[in-house]
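Number of protein chains: 2
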Amino acid sequence: MSRRRKHWGWGYEDEQLPAAQLEALAAAMRDQLRFGGEVEAPAPLPALAAPRLAAPARLRELLDTSDHDRARHAYGCSYRDLVRGFRGDYGNPPDVVAHPRDERELEAVLEWALGAGAAVIPYGGGTGVVGGVEPIVGDGYEGVVTIDMQALDQVLEVDETALAARIQAGASGPVLERALRERGLTLRHFPQSFELQTLGGAIATRAGGHYATARTRIDDFVESVRALTPAGVWASRRLPGSGAGVAPDSLLLGSEGTLGVITEAWVRVVRRPAQIASTTVSFPSFEAGCEAARAIVQSGLTPANCRLLEADEARLTGAGDGTAALLLLAFESAELDVGGSIGQAVALCLACGGTPREPRRRTPAAGGDDRKVAAGENLDPAASWREAFVRAPYLRDALVAIGVLAETFETAITWERLAGLRASVAEAARQALREVCGGGTVTCRLTHVYPDGAAPYFTVLAPARRGAELEQWDAVKRAASAAVLDGGGTITHHHAVGRDHRPWYDRERPEPFAAALAAAKAAVDPAWALNPGVLIDRPPRRSRDSS
Amino acid sequence: MSRRRKHWGWGYEDEQLPAAQLEALAAAMRDQLRFGGEVEAPAPLPALAAPRLAAPARLRELLDTSDHDRARHAYGCSYRDLVRGFRGDYGNPPDVVAHPRDERELEAVLEWALGAGAAVIPYGGGTGVVGGVEPIVGDGYEGVVTIDMQALDQVLEVDETALAARIQAGASGPVLERALRERGLTLRHFPQSFELQTLGGAIATRAGGHYATARTRIDDFVESVRALTPAGVWASRRLPGSGAGVAPDSLLLGSEGTLGVITEAWVRVVRRPAQIASTTVSFPSFEAGCEAARAIVQSGLTPANCRLLEADEARLTGAGDGTAALLLLAFESAELDVGGSIGQAVALCLACGGTPREPRRRTPAAGGDDRKVAAGENLDPAASWREAFVRAPYLRDALVAIGVLAETFETAITWERLAGLRASVAEAARQALREVCGGGTVTCRLTHVYPDGAAPYFTVLAPARRGAELEQWDAVKRAASAAVLDGGGTITHHHAVGRDHRPWYDRERPEPFAAALAAAKAAVDPAWALNPGVLIDRPPRRSRDSS
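Residue numbers (this note's numbering), protein chains in the order written: chain P, 1 to 547; chain Z, 548 to 1094.
Since the hints were derived computationally from the structure, they do not count as laboratory data.
Each hint can be trusted.
Here are some of the chain Z residues that sit facing chain P, going by a computed Cβ distance under 7 Å:
{"hint": "1", "residue": "Gly779"}
{"hint": "2", "residue": "Arg815"}
{"hint": "3", "residue": "Leu883"}
Facing chain P, according to a computed beta carbon distance under 7 Å, are these residues of chain Z, among others:
{"hint": "4", "residue": "Thr708"}
{"hint": "5", "residue": "Ala711"}
{"hint": "6", "residue": "Arg753"}
{"hint": "7", "residue": "Ala782"}
{"hint": "8", "residue": "Gly788"}
{"hint": "9", "residue": "Ser797"}
{"hint": "10", "residue": "Leu798"}
{"hint": "11", "residue": "Tyr997"}
{"hint": "12", "residue": "Pro998"}
{"hint": "13", "residue": "Thr1037"}
{"hint": "14", "residue": "Arg1056"}
{"hint": "15", "residue": "Pro1057"}
{"hint": "16", "residue": "Pro1059"}
{"hint": "17", "residue": "Leu1082"}
Small disclaimer: the values here were computed from a predicted structure and weren't measured.
Just so you know, even glycine gets a beta-carbon here, dropped at the ideal spot from N, CA and C.
Model the full assembly from the supplied sequences, consistent with the hints where possible.
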């Protein structure tokens, strides 16, 4: 690891924009958005408070207490994380960052941390946007140890018969795709954070990926998981399916670091697509586009891409001119001819009033650039949209610098309630923007579609009041989240819960389930050390056994 | 409910075979199997021990303590259940059978049962084959109350936009399909037990259904679940997908009555297929058929049927002559042309050495007989196999009567280990049969296939030693189950765990998960009243809180 990650925001220190380019970018963004100000420089990394935990000598080479490393692990990548990092607000970093290189070292770190009375935060790529790795752990801990899993980044085995691979939890998207590509295989888990996110983080947060239909989240790719818990190793069997009671993996999927530290998983992979057929279809209204997307998935077609952009969102990303909603459609296959599928999908679009471009068919290069694939190589001809998708994490850092509040939030809802929820959430966000920002834009796209519903994804851009960004963010987040819950949606379709979504998550989940989850955690983590504050709170001490 | 269920075995009292027909059937079976003896008559229902619980006056119309009702709810439908019922062995029936007609009545029953210190066994169709409803609950209970949910059998709402229906837990296959058919819809959950099984039972046991690929178990159809637990109502939101932490429904799916009584669910439905394309493909070996099935699912095709029969199993069911393994293939769709898909699948079969029949395409009758659909109307031209599938539950009763030991067991395994597991399991079962039955047959089919593996399903037929059937069954079950576990498989792909699979389930599941599940149960069912003995044992009383 010769390259050093920037202590705040996205990417590596050696790939940041030079000042002149940043100025030009800022000017272009101001021009398009009609708000945003001068480029502000990020605050230098301040000196942090001394760590509250002392690293024992035998683990010293695994534990880092440098200011840079602690600061870099203090936040995820949400707008409010970026703003705080940008302003040098590092008042609550982890005390120690551990970098185990294998499961044995992880076990030693965990044992030490538990013995020291610390809270333990498992850390993948740090790309989360919901406060999942922020050391707000509550009282009762001697300090916080963040365990960075990125040194466990190997593809350990590839099963070319069953099409599955055993991969360590810390492997990032590019690292694991590189190893799989040698065998002509791919995981095709391509979130926007592809470059830095890790497999373990994806599993712990039930991250969404490449496919817009059928296999939308990492859940669908997991064959078995292995995690280290304070109660021992939690490892499931490699199985294509099982009906043996409650699925063990289902408790680790979405556990967000509260039940154990995921160390590796067997995941299902596919042969690299040899054929991609894609097109874009314009619709006179978003509603007409929804009808088409619904018709496509309800017919049984499973396009790899089926993303619907509002006219304004299409304009904002350069994918359209703002006069029509756009449906980005693509089918891909390693073996099958996909011409029939795209033809059937286009016919359904025509029946819903869509105007399709001529579908394009092509053979992706065998050694294709994964950054481009991640961005939706299959989205062509919507190249501008794709470009925006890749650039987004870098762009967001620049938006902070020019004083633009940028936030995205997403949910899922059944089809018959989609129009109502989209309207009420957008209106709630706009109302909040008017009050706290004096204006701004809210646009929407569907990122994933299902036979029974869809996942709308909202993008908010507004003039930030420098120094008051967190209050502004908070107001918008609260208004939008309440509207999502009131509209029957989920607080997150694929961004996880973390600490930021807790109030609404608590409203969403069934009460007896919350009690069951808390008890399950206490059983495997009796010291309540793992990522406290996420998903479930430590229950008040009981005076006696309830049985 | 004017018709009365037979107190033992399958179906209703008014549809049992007359003696002469049973004799003829017995002769035909003896002829085919070359074992089996004279037709024995079932023992009459004996007088049962008096119930240990007194029904309170206010609930009297909901509670049944008649011998017939208690006997009928004493067992499921496994071979060992049938044998005991046939012999009049009703030494351990539930004390009271409750028949609530709505959730309010269920709550009253549950409250009374908990207050009375009873164990509570939720009961759907009683079609399980793993001892899941048998009142072996251990010590510490004043008696057993079995709650029969079949009076809650309504389809409460149908959402024709999102294609989902809200259905009560006690609705059987025919009842719910009838209601859906009026809207041109279908759940297409067609296990062999279709006629009697209930939706709630399917959810509690993660039952397998119609589709051989992609959406293989009820899990894939569940949009939200509602259950009554001792800690209150556990109800999830209707969502097409969510990434908000651990999925609440995933804890109820497969909970087998241990966490709550499922009262209703929103399930995804589909439009009734307008087009079915099907064929059978012969293969020189089972292995070649496996290669073809694997190629089909790994290509991305998702046939509704893709079941592979060993040559002997094809002969046994009359689907083939015993010279070739047979792959039953079908694609179906309400909207799309399925000709392309079956053509692609057949091409893959040809490449693996298969000899396909000419595919047949047809339009199913809109008002088709669901028993036939359940049996795989789409399987034509393998009509004999389909007929055998429907008849099987009735046939099994007759097998008991003529002294044939009949058992099925199933698992799932990744492709690269399939051949080894199939061989070792079959050999273990044959060895046990030689020892305890002096012979018999073991045949295998694949019932479900996945990109990364398949679900092999074994059928055992052997000469029973009258009066010693349970010991024989036990020896075969133990040998086969140990081989399944040793071969890396799961103790069940879709038959659930119940009480019969417990020893091997305990070996299969990760230890920390077992601890988590036990704690989760204790949180929602502190009296440990719900279906004790299934999945998890009551932990020894702890002396103090572990936190």
